[in-house]
Each structure stands twice: as C-alpha cells, then as structure tokens.
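*Asks:* Quick note, the sequence shown lines up with residues 0 to 658 if you use numbering that gives the first Met the number 0.
Quick caveat, the hints were computed from the structure, so don't treat them as lab data.
All residues carry an ideal CB built from backbone N, CA and C; glycine is no exception.
Be careful, since some hints might not be right.
Under the rule of at most 25 Å between Cα atoms (straight-line distance), these lysine to aspartate or glutamate pairs were calculated in the DMTMM-like manner [stated by the list, open to error]:
#  : residue 1 : residue 2
1  : K304      : E225
2  : K472      : D487
3  : K368      : D389
4  : K169      : D74
5  : K576      : D353
6  : K493      : D425
7  : K383      : D353
8  : K256      : E225
9  : K172      : D74
10 : K299      : D238
11 : K576      : E559
12 : K299      : E430
13 : K472      : E559
14 : K472      : D564
15 : K482      : D564
Each pair of labels, with its calculated beta carbon distance range [what the hints assert, rightly or not]:
#  : residue 1 : residue 2 : range
16 : V168      : G403      : 24 to 30 Å
17 : Q149      : Y260      : 49 to 55 Å
18 : K319      : V567      : 45 to 51 Å
19 : L289      : E191      : 23 to 29 Å
20 : E218      : V168      : 23 to 29 Å
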Amino acid sequence: MVEVEELEDGNSVTGADDDVHDVVPPVSDPLLPQKSSKRRSPVWKEFLVIGGSLTIDGKERATCFHCKTATFIADSHYGTKNLHMHLAKCNAYKTSLTTNDRVQVFDQMFYRELVARAIIKHGYAFSWVEHSANRLIHTYLNNQVKTITQNTAKADCLKLHKSLKADLVKILKHVPGRICLTADMWTSCTTEGYLCLTAHYVDASWTLSSKVLNFCNIETPHTGYEMYSVVSGLLKKWDIENKIFSITLDNASSNDKMQDYLRESLVDRGLLLNKGCFFHVRCAAHVLNLIVHDGLNMVKHIVRKIRISVKYVKHSESRKRNFKLCATLAAITETKALWLDVPTRWNSTFMMLDRAILYRGAFKELKKKDTLYKYFPEPDEWGKIEKVRDVLEPFCEITNLFSGSDYPTSNLYFENVWRIAMLLKDMVDGEDSDLRIMGRCMQDKFDKYWLYPDGDDYNTLFAFAMILDPRYKKQTLKYCYEKIFEDDGKAHLKVNDVLFKLERLLNDYTTSEHTILAQNPSPPVEKSSNRKRKFDLRNIENEESICATPIKSMLDVYLEDGKLDRNVNLNILEFWKVNKSKYGELAHLARDILTVPLTTVASESTFSIGGRILNKWRSSYLPENVEALITSRSWLHGYEVNDEEEDFIGEDVEWNIPT
0 MVEVEELEDG NSVTGADDDV HDVVPPVSDP LLPQKSSKRR SPVWKEFLVI
50 GGSLTIDGKE RATCFHCKTA TFIADSHYGT KNLHMHLAKC NAYKTSLTTN
100 DRVQVFDQMF YRELVARAII KHGYAFSWVE HSANRLIHTY LNNQVKTITQ
150 NTAKADCLKL HKSLKADLVK ILKHVPGRIC LTADMWTSCT TEGYLCLTAH
200 YVDASWTLSS KVLNFCNIET PHTGYEMYSV VSGLLKKWDI ENKIFSITLD
250 NASSNDKMQD YLRESLVDRG LLLNKGCFFH VRCAAHVLNL IVHDGLNMVK
300 HIVRKIRISV KYVKHSESRK RNFKLCATLA AITETKALWL DVPTRWNSTF
350 MMLDRAILYR GAFKELKKKD TLYKYFPEPD EWGKIEKVRD VLEPFCEITN
400 LFSGSDYPTS NLYFENVWRI AMLLKDMVDG EDSDLRIMGR CMQDKFDKYW
450 LYPDGDDYNT LFAFAMILDP RYKKQTLKYC YEKIFEDDGK AHLKVNDVLF
500 KLERLLNDYT TSEHTILAQN PSPPVEKSSN RKRKFDLRNI ENEESICATP
550 IKSMLDVYLE DGKLDRNVNL NILEFWKVNK SKYGELAHLA RDILTVPLTT
600 VASESTFSIG GRILNKWRSS YLPENVEALI TSRSWLHGYE VNDEEEDFIG
650 EDVEWNIPT
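Input sequences plus hints: build the corresponding full structure.
*Replies:* Right under this line is the structure:
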C-alpha cells in the first residue's frame, strides 16, 4: 500500500508523484454544512467536495470533476496550491477548455423544473431533494448545480401546477363539445375526506381525453348538500358550468342528493340539455358489484373454504414448498400462482376461484399429507365452485370492458347489459337448482338498477349510444328489447320512445351553439297582427305548402344509411369525425354521448396515487399540496402507473389463519 504523507497545506502527496489518487472513494455529501472558512477561490468549482462525515478518516475530500480520479484533502484553511498544480497537469481539464462545444450550458431553473417534474411523477417526498446521496449524484454530474431545499422544491411544484392549470383552463374553454364528469369520495390514512372530480371530453381532433380537475379536501359531514356546494364551486372556478353534459357517480345516497341539487341548479339557469333528463349516470361497475355480491352470498360458505385454503397455503414458506410438492404429485404443470382475494373486490374473488380450480388436485394431495389442513371442499362443493366461476367470468370480462378510460364506453353499454340480462334469464330458467337460486337473487338487483331504475333515464341515454353506433342502429336495439321483454309489440313501442327522445335531444342541438346553419335559411314567416285575419281560411294555402314538404332530420338520414359490418374493429369517434359534414349536428350529439363514461374508475384510479402521496409516513401534507401533486400528475401523465409501484392485489397480503 502506498504510504501517504500529509503536507502543511493539507494536501496529500507521495514521494513518487505529487498528483496522488487518494484511496478513499468519493461517496459523501458535497453539501453538508461546511466549516466556517469559506472557499472563495474559483478553483473549487473544478472539484467535487465530499463531506467528511462519511469518509473513513473524517476529513473532507475534493475530487477533480474532469478526470474524476485525483483526490485531495479539501480544507481551505491550508490553501489550494495542490489543486492548481493538478489542474495544470490534468489532461481532461485541458480538453474541456479547448472543446467548448462539448460543454453543455447548465440552466439552474430548468434543473429545478426537472426536479419538480420528478417529484410529481414518482410521488417523491419534498425532502428527497435534501437527501445527501441524491445531492451528491447531481453535483457529481455537474459542478454548477446548486442543490435546493425542500421548501424550494415545494414552491417549484406549486409553480408548475399553476402553469399547467392555466393551460388546462384554456383547453377546457375551447373544447368543441360538452364535458362529462365523474366524481367519487376517498378517505385518506388520516381519515380526511377527499373528493376527486374528473372531466372527460373529446377535443378538436376527436380524441377522448380525461383530466382530474380537483382532488380537494371536504370537511365533515359529507352530506349531499355539502358535496353539491363543493362541486358547484369547482365548476364555477373552471368556468365550465355551461358545458356540462352528465355526471357519473356510484350508488351512495349522498351522491344521489348531490346530483339532484346540482341538476336543479343547472336546469334553473338553462345550462343543461333536455332539462337534465340524462344528467345522472350510475357507475356500471358498482351496479355489477352489487349484482355479483348478491349472487356470491348464496355460496359464501363455499367461497370461504377456498379463501381459507389459499390463506393456509400462503401462511408460510414451508407450506408453500409443501403445496408445490403436492402439485407435482398431482401432475399439475400449471405455472400460475394461487390468488388470494380482497373480499370487497368481487373480480379478485373470481380470480381466486379460477386459480383454486386449477390446483384442485394439489389441495386434495395436501389434505392427505397435512393433517392440519381441514378446509378442503367436498366434491359437490367443487362442482358448485366451477359453476360460480363460469357465471362470474363474463361479469369480470364486462367489468374490464366498462372500465376503460382511453376509448369510448357508452356504445358498449347496451349490448353488454343485454348480455347480462340473457345470462341471468338463462340461469333462472335452467335446470340447475343452485344456479336458479343464485340467478333469481342477481336478477332482482338487475331489475332494480338496470331494467326499471326509479327516476333515472340513463338506460335511454345508452340506447341512444347503441343507435349512434353504425354497426348496430335501431334494428339491433329492437332485437335486444324483444329478447328482454319477450313481446314484439312492447319492444316496438320502446324503440319508438327511444327514437322520439333522441330526436327531441337532437332538437336541442339544432337550437344551441352546436347548430350548423343552412347555407340558405328560409326567412321566418311573419305573424299577422290583425285580429280580424287571425282565423282566416285564406292562410290554409301557406300551411298546406309547409306540411306538403316534410324535412328529413339528420337522424332520419343516418338511420336510412346501411349498417357497417359488426365484426369491423371500428374507431367510432373517427367515424363521426369523418362524417360530421354529412350528418351535421347529429355528429356533435354523438360526440357528446360517446364521451359519457360508464364508471368512476378514472376517479378511483387517482386514489391509488393519492395513497402513495398521502401515506402514514407523509400524513402531514397540506390538502392544497396533495391536490397540486395529484392533479399535476394527471395532467402530465394521465393514469399511467408503473407496475413496480402498483400493489399486487391478493398476492402478498398477510392474513391470520382462523382457529
């Protein structure tokens, strides 16, 4: 080992060479509190100062930024002679002086914006900028970096949020159609209530977009009126009250009250089309959840056995190895792992049952091998589990389809709700007694929310969406009603009622800002002010001429055109974009109806992000800072969530095995 001698000026040298590479690696923080003596010499800008708290001997070190190998003891009290001597010999430093084109101009403000964007995207704490290792990396990469404090980072994030919000205000102001909303409540780890309000709209290029407008704290009590006051105030701040088309909510009673107040307020000011008949939309995923849970309650004792069996296997590493051996003995080559459900999420229950059926033979071997395992279902119970799995599979598929946020979903509603109705009817009319009982229970809930909803007309709204899908139109709608009602006459009346309401809604568009004026509009007929001529038969000729030439609406023109092939993978927004000149205001109506989301998943997805930002380690964040971070992330990155950040539902959950 080379013997190191320390000179009076504090620089280390050896007898062989004045330019010595110290054996201590540069791993400490360059911006730890310095000694009272300041480093005023420009030469320090060419060296990375490493704090002494993390070095072996406790002395500060200075590493050359250019060659990144020469290291000296850094103490300004002893002078900078050796630092100057090194730069005079450092070839890397000389190269940097002669090749200015290779030197990137450093912008401190741009650096701060990049840091703010990183905090927003990845949910870092504001204190992340003060972490010693993080600061060391930044200053090592560029010696011109002036690292910042957490207060500065917070201010930069809020500044970026303000800029992004101003841009979004402009975007919403120039949205050509109407805006659909979703709203949902979330309770944080501090038991504070947050309301997430999300806007969905089709922009000028006919692309569906979703933006989280607000993630605001609401004081208790969370009554319908309090929520209405908050939402109404937010719409005023965004200046979009006159653009609202619908709001999608779950089935909480407070949500029902909130939308009642909001609809009444907007209708009184003439801001909703068709007096708000189609304003309230119930979250289809929540309705599906209620239907499936009612069905699962009929077999909950069997589902519980499967759940406990999976918990038992996952309780320890030794049991997992033992179960793997049982799977080998049962000649099971399946590579999918067992899935432990979250009872509040029925789709995870479907996954649990589906995986358990794959390992039925392994559970049977485990029963023989492990005397402590006493939860193995009986053979007839396995048969019921397979039936339940088969029933839940299409429900899970439809839920995933309804939950999409990057494509229109309203045109998918009627076909799939009809499919559910047929599945339930098949269960009720079938020969299997277990499925009949389960089917009746699920059908009661289905009829309550989807077949005969009290006071809600959103089924009609989504019937409009099916008609406005060129692959279906009214013929397919009539077929669906015939199968549901089993009465051709009733189905015919229902279709005519839907078409009448659609025509009436279309009339609102022809008399609103969406109107496409005719090239040569007919002059209005002046009404006679002469009371003597008020009921004169000589006016009959004018009325007969008007009635003799009925004008076809754009809806009639559209329905007379042939249907497209149902097997075509159609971009429905692109279809209406291409045909907007042909169908006029009907294209604008179709655009707004296709914007309506079926679920509140967009808002709920934001809660997982909120849970990472406002967690038990960072529970003191102010509500306005939480809102700025979450909404800015939505505006910059949408609902993008990295896989490594997402919790693996059901896989790594720790459970207590019941005694």
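*Asks:* For every hint, state whether the structure bears it out.
*Replies:* Do the hints match the structure? See the list:
For the hint pairing K304 with E225, the CA-to-CA distance comes to about 43 Å; that exceeds 25 Å, so the pair is violated. Proximity of K472 to D487 is assessed by CA-CA distance (about 17 Å); at most 25 Å being required, the pair is judged to hold. For the given pair, K368 sits about 30 Å from D389 by alpha-carbon distance, which is inconsistent with the 25 Å threshold. The hinted pair formed by K169 and D74 fails the criterion: a straight-line CA distance of about 55 Å is larger than 25 Å.
A C-alpha spacing of about 42 Å is found between K576 and D353, which places the hinted pair above 25 Å, so the restraint is violated. Only pairs whose Cα atoms come within 25 Å are accepted, and K493 paired with D425 is accepted, the gap being roughly 23 Å. Of the pairs offered as hints, the one joining K383 and D353 holds, with about 12 Å between alpha carbons and a cut-off of 25 Å not exceeded. Between K256 and E225, the direct Cα distance comes to roughly 10 Å. Compliance with the 25 Å bound is thereby established for this hinted pair.
Restraint check for K172 and D74: the C-alpha separation of about 59 Å exceeds 25 Å, so the hint is violated. With a CA separation close to 49 Å, the supplied pair K299 and D238 exceeds the 25 Å bound. With a C-alpha separation of about 19 Å, the suggested pair K576 and E559 falls inside the 25 Å cut-off, and the hint holds. The straight-line distance between the Cα atoms of K299 and E430 is roughly 21 Å, inside the 25 Å bound, and the hint therefore holds.
A distance of roughly 10 Å separates the Cα atoms of K472 and E559; the hinted pair therefore holds under the 25 Å criterion. A C-alpha spacing of about 12 Å is found between K472 and D564, which places the hinted pair at or below 25 Å, so the restraint holds. Annotation: proposed proximity of K482 to D564 holds, straight-line Cα distance about 22 Å (limit 25 Å). For V168 and G403, the Cβ-Cβ distance of about 27 Å falls inside the hinted range of 24 to 30 Å, so the restraint holds.
A beta carbon spacing of about 41 Å between Q149 and Y260 contradicts the range 49 to 55 Å that was offered as a hint. Taking the beta carbon of each, K319 and V567 are about 48 Å apart, inside 45 to 51 Å as hinted. Separated by about 27 Å at the C-beta atoms, L289 and E191 satisfy the suggested range of 23 to 29 Å. Checked against the given bound of 23 to 29 Å, the beta carbons of E218 and V168, roughly 26 Å apart, stay inside it.
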